[in-house]
Amino acid sequence: MAISVVAFALLWGIVFVQMATGHDPVLSNKPKATASGREEARSGPADGISDGGEAAGARAAAAEAVETTEPEEAEPEYAEPEYAETEPEYVEVEPEPAPVITGQS
Amino acid sequence: MSAEAHRSFACFGGTATLHVAGSAHGRRADAAAGEAEARLLEAHERLSRFIPGSELCRLNTDSRRTVPVSGLLLEVAAAARRAGLLSGGLVDATLRREIERAGYDESLAGKRDRPGPGRVPASDSPRPASASPNRGWSRITVDRRAGTVSRPPGVEIDSGGIAKGLLADLVAESLSGHADYAVDCCGDVRVGGTSGRPRRVLVQDPAGGEPVHELAVSDGGVATSGIGRRSWIADDGRPAHHLLDPSTGRPAYTGIVQATALAPTAFLAEVYSKYALLSGRPLARERLPYGGVLVLEEGGVEVVDPRAVTAGAAAA
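Chains as they are written, first to last, in the numbering used here: chain A, 1 to 105; chain D, 1001 to 1316.
Hints are computed from structural coordinates only; laboratory data are not their basis.
Wrong hints could be hidden among the right ones.
Reference listing, derived: stretches of chain D covered by chain A, where coverage requires no fewer than 3 residues with Cβ under 8 Å from a Cβ of chain A [stated by the list, open to error]:
#, region
1, 1016-1026
2, 1179-1188
3, 1196-1209
Think of the CB as a built atom: it goes at the ideal place given N, C-alpha and C, for glycine as much as any other residue.
From just these sequences and the hints, can you work out the full model?
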């Protein structure tokens, strides 16, 4: 019994320390990606590269990387299509009176 | 609305056709058409001059001056007089002997007209017909209260076309509550109905081709008279037909081979169509006060607009 209590406390402590130090296994990838993208975006001007095209491409790639990580933009809102609820009118078509022939009697 | 009830049957020496749509007074269209057919067939039995013992034959052979007759024959006799009055004697329903002398002495029902379909008898010298000096039609008197017809001995009635127009009107009266109806007594047509919808009326080509004209009638009568049918080869080898010039008792050749008339009733249309044909080309258009269609001997077709007729009469 005592061994179990000790083992539980030990395991709980390890998990607590992990959580407290920010090593959440589920969230670990996202903050890393965000951080790396922003670092790359900022690094362009800082390097003093004169090739504007290359720099702009790098900035665009960085911006794209950032944008793709924004959760609210990654999931577009689903707009329910609106349907006009108009019932088709049923018009009864009366048959035309049959033609008659007038001829010599 | 359901489709029209339809009947087509042999009657008056030709084919009668009925169209009825809708119910009236609790009577369905099919039942109404059946009653109308029975009424027309009974009238045919009463009014045919080719059925010995018919009421018309009995009247014509009765030696009495005044004869009690049925309500139907009373109406026919009154119509014969009125037709003469309306046409100045050109539409004369008292030429029974003359038409038999001309060769029309048997019913042509079910027989091929002797000149053949598409062959219209013609004459080199067309001229307008004129009234008979005998004016037999004017000596017919009808006493509706007594239910009798009076006429001098020798004046015989040939119901002919006037009975067809009259019967179309009488049957139409009995169908007046139905949504749509058409009564076609061998070309004398009465159209009507509570719906007020127009019905197409096709004017037959006397030469047997496609219809020469199409009319739209919602309420009224249409009738066609012509010399292309009920025609035969006379004893002298010349083509003859049933529309006689009353002044000669011979078939009339006026330059018009077919006349179709519109009118408020089928009886009036029948009178106007014969009146127009017998009047010949100069006057035929004026004889169609409600409009119509003329087919000329040389093959032309003239459509008479009733407004033009009215305007012409007013100008004259």
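Taking the hints in turn, this is what the structure says about them:
1. 1016-1026: holds (count 3)
2. 1179-1188: Answer holds; 7 residues pass the 8 Å Cβ test.
3. 1196-1209: Check passed, 9 qualifying residues.
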